[in-house]
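A.B. asks: The chain contents come next:
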Amino acid sequence: DGGITQSPKYLFRKEGQNVTLSCEQNLNHDAMYWYRQDPGQGLRLIYYSQIVNDFQKGDIAEGYSVSREKKESFPLTVTSAQKNPTAFYLCASSIGRSRYNEQFFGPGTRLTVL
Amino acid sequence: QKEVEQNSGPLSVPEGAIASLNCTYSDRGSQSFFWYRQYSGKSPELIMFIYSNGDKEDGRFTAQLNKASQYVSLLIRDSQPSDSATYLCAVKIDTDKLIFGTGTRLQVFP
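Same order as they appear, the protein sequences are chains A and B.
Residue numbers for the first sequence follow my numbering, so the first one is 1 and each next one is one higher.
Residue numbers for the second sequence follow my numbering, so the first one is 1 and each next one is one higher.
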């Protein structure tokens, strides 16, 4: 059953803690993305990766870090430097680098800072 | 700042009517355009994409693109209560990035 999985579905973090959100895909997609969604706002790009062992900052990368050691996996770490991390985090993937390739989303992780 | 603009709504239509959702974008170099549906608390689901000027139909959905006027629209025919969701317009400005609008909330009432 092909798709994108994200875990956990809900995550609670105390202030000052780093947390890592998992994203895995078995679609054989080269490109993977992390977005953040806040109420009433559009999706904002955090980081993206077009190929293993390479990734680029998106529009709001401060306070976040990623790795891409395997094609299937693109974990996102929310560090204590992120000032307002409470949000809905969405991972997406696409076949590759093209103006026309669609992005498909995982189910998301809802992060709440206590 | 490259932007994608949508009316936040809610757009309320009766069951069976045509719902018309609109989106404008600022970057004339935009090449491809996508419509996602997002139910409350869920992730976006791709429903349509369009690259060329004109109309593209898929079942009850029609995407319309006018690059000269920089707008893209989504028509939903025979609207159903299950179509009630937020519809996100997304524009691809280069090979890497999608720019999303804030979405239009559609309510279909019986």
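Take these hints with a grain of salt, some might be off.
Beyond 10 Å from chain B on every Cβ pair, some chain A residues (computed) [what the hints assert, rightly or not]:
{"id": "1", "residue": "Ser7"}
{"id": "2", "residue": "Leu11"}
{"id": "3", "residue": "Thr20"}
{"id": "4", "residue": "His29"}
{"id": "5", "residue": "Gly58"}
{"id": "6", "residue": "Gly63"}
{"id": "7", "residue": "Glu69"}
{"id": "8", "residue": "Lys71"}
{"id": "9", "residue": "Ser73"}
{"id": "10", "residue": "Thr77"}
{"id": "11", "residue": "Thr79"}
{"id": "12", "residue": "Ser80"}
Here are the simulated BS3-like cross-link-like pairs (lysine-lysine), alpha carbons at most 25 Å apart as the crow flies [to be verified]:
{"id": "13", "chain 1": "A", "residue 1": "Lys71", "chain 2": "B", "residue 2": "Lys97"}
{"id": "14", "chain 1": "A", "residue 1": "Lys57", "chain 2": "B", "residue 2": "Lys97"}
{"id": "15", "chain 1": "A", "residue 1": "Lys83", "chain 2": "A", "residue 2": "Lys9"}
{"id": "16", "chain 1": "B", "residue 1": "Lys56", "chain 2": "B", "residue 2": "Lys67"}
{"id": "17", "chain 1": "A", "residue 1": "Lys14", "chain 2": "A", "residue 2": "Lys70"}
{"id": "18", "chain 1": "B", "residue 1": "Lys42", "chain 2": "B", "residue 2": "Lys67"}
{"id": "19", "chain 1": "B", "residue 1": "Lys67", "chain 2": "B", "residue 2": "Lys97"}
{"id": "20", "chain 1": "A", "residue 1": "Lys70", "chain 2": "A", "residue 2": "Lys57"}
{"id": "21", "chain 1": "B", "residue 1": "Lys42", "chain 2": "A", "residue 2": "Lys9"}
{"id": "22", "chain 1": "B", "residue 1": "Lys67", "chain 2": "B", "residue 2": "Lys2"}
{"id": "23", "chain 1": "A", "residue 1": "Lys70", "chain 2": "B", "residue 2": "Lys97"}
{"id": "24", "chain 1": "A", "residue 1": "Lys83", "chain 2": "A", "residue 2": "Lys57"}
{"id": "25", "chain 1": "A", "residue 1": "Lys70", "chain 2": "A", "residue 2": "Lys83"}
{"id": "26", "chain 1": "A", "residue 1": "Lys57", "chain 2": "B", "residue 2": "Lys2"}
{"id": "27", "chain 1": "A", "residue 1": "Lys83", "chain 2": "A", "residue 2": "Lys14"}
No lab work stands behind these hints, which were simulated from the structure alone.
Values in this document were obtained by computation on a predicted structure and should not be read as measured data.
Idealized CB from N, CA, C, for every residue including glycine.
A.B. asks: With reference to the structure, classify each hint as holding or not holding.
C.D. replies: Hint check:
Non-interface status of A/Ser7 relative to chain B is upheld: no Cβ of that chain comes within 10 Å, the nearest being about 13 Å off. The Cβ of A/Leu11 lies farther than 10 Å from every Cβ of chain B, with a closest approach of about 15 Å, so its non-interface assignment holds. Every beta carbon of chain B lies more than 10 Å from that of A/Thr20, the smallest distance being close to 19 Å; the non-interface claim holds. The claim that A/His29 is not at the interface with chain B holds, since no C-beta of that chain comes within 10 Å of its own (minimum 14 Å).
Against chain B, the non-interface label of A/Gly58 is violated: not every CB pair exceeds 10 Å, the least being about 7 Å. Distance check on A/Gly63: its Cβ is at least 20 Å (rounded) from any Cβ of chain B, clearing the 10 Å threshold; non-interface status holds. With a minimum CB-CB distance of about 20 Å to chain B, A/Glu69 clears the 10 Å threshold, and the non-interface call stands. With a cut of 10 Å on Cβ distances, A/Lys71 stays outside the contact zone with chain B, its closest approach being about 17 Å.
For A/Ser73, the shortest C-beta to C-beta distance to chain B comes to about 18 Å, beyond the 10 Å cut-off, and the non-interface label holds. At the 10 Å boundary, the C-beta of A/Thr77 stays outside the reach of chain B, the nearest C-beta of that chain being 20 Å off. Once the 10 Å rule is applied to beta carbons, A/Thr79 is consistent with being away from chain B; the minimum gap is 23 Å. Interface exclusion of A/Ser80 from chain B stands, the closest Cβ pair being 26 Å apart, more than 10 Å.
For the proposed pair A/Lys71 and B/Lys97, the alpha carbon gap of about 19 Å is at most 25 Å, so the pair holds. A hinted pair counts as satisfied when its Cα atoms are at most 25 Å apart, and A/Lys57 with B/Lys97 qualifies at roughly 11 Å. A hinted pair counts as satisfied when its Cα atoms are at most 25 Å apart, and A/Lys83 with A/Lys9 qualifies at roughly 21 Å. As the CA atoms of B/Lys56 and B/Lys67 are separated by approximately 14 Å, the hinted pair is consistent with the 25 Å bound.
Between A/Lys14 and A/Lys70 the alpha-carbon distance is near 29 Å, which puts this suggested pair outside the 25 Å criterion. Simply put, B/Lys42 and B/Lys67 have alpha-carbon atoms about 31 Å apart, too far for the 25 Å limit, and the pair is violated. Of the supplied pair hints, the one linking B/Lys67 and B/Lys97 holds, its CA atoms being roughly 19 Å apart against a limit of 25 Å. Our distance criterion of 25 Å between C-alpha atoms is met by A/Lys70 and A/Lys57, whose separation comes to about 18 Å.
Proximity of B/Lys42 to A/Lys9 is assessed by CA-CA distance (about 11 Å); at most 25 Å being required, the pair is judged to hold. With a C-alpha separation of about 15 Å, the suggested pairing of B/Lys67 with B/Lys2 holds against the 25 Å cut-off. Simply put, A/Lys70 and B/Lys97 have alpha-carbon atoms about 21 Å apart, close enough for the 25 Å limit, and the pair holds. Using a Cα cut-off of 25 Å, the hinted pair A/Lys83 and A/Lys57 holds, with the two alpha carbons roughly 17 Å apart.
Taken as a hint, the A/Lys70 and A/Lys83 pair is broken in the structure, with Cα atoms around 29 Å apart against an allowance of 25 Å. A hinted pair counts as satisfied when its Cα atoms are at most 25 Å apart, and A/Lys57 with B/Lys2 qualifies at roughly 17 Å. Between A/Lys83 and A/Lys14, the direct Cα distance comes to roughly 12 Å. Compliance with the 25 Å bound is thereby established for this hinted pair.
Hint check: violations occur at hints 5, 17, 18 and 25; the rest are consistent with the structure.
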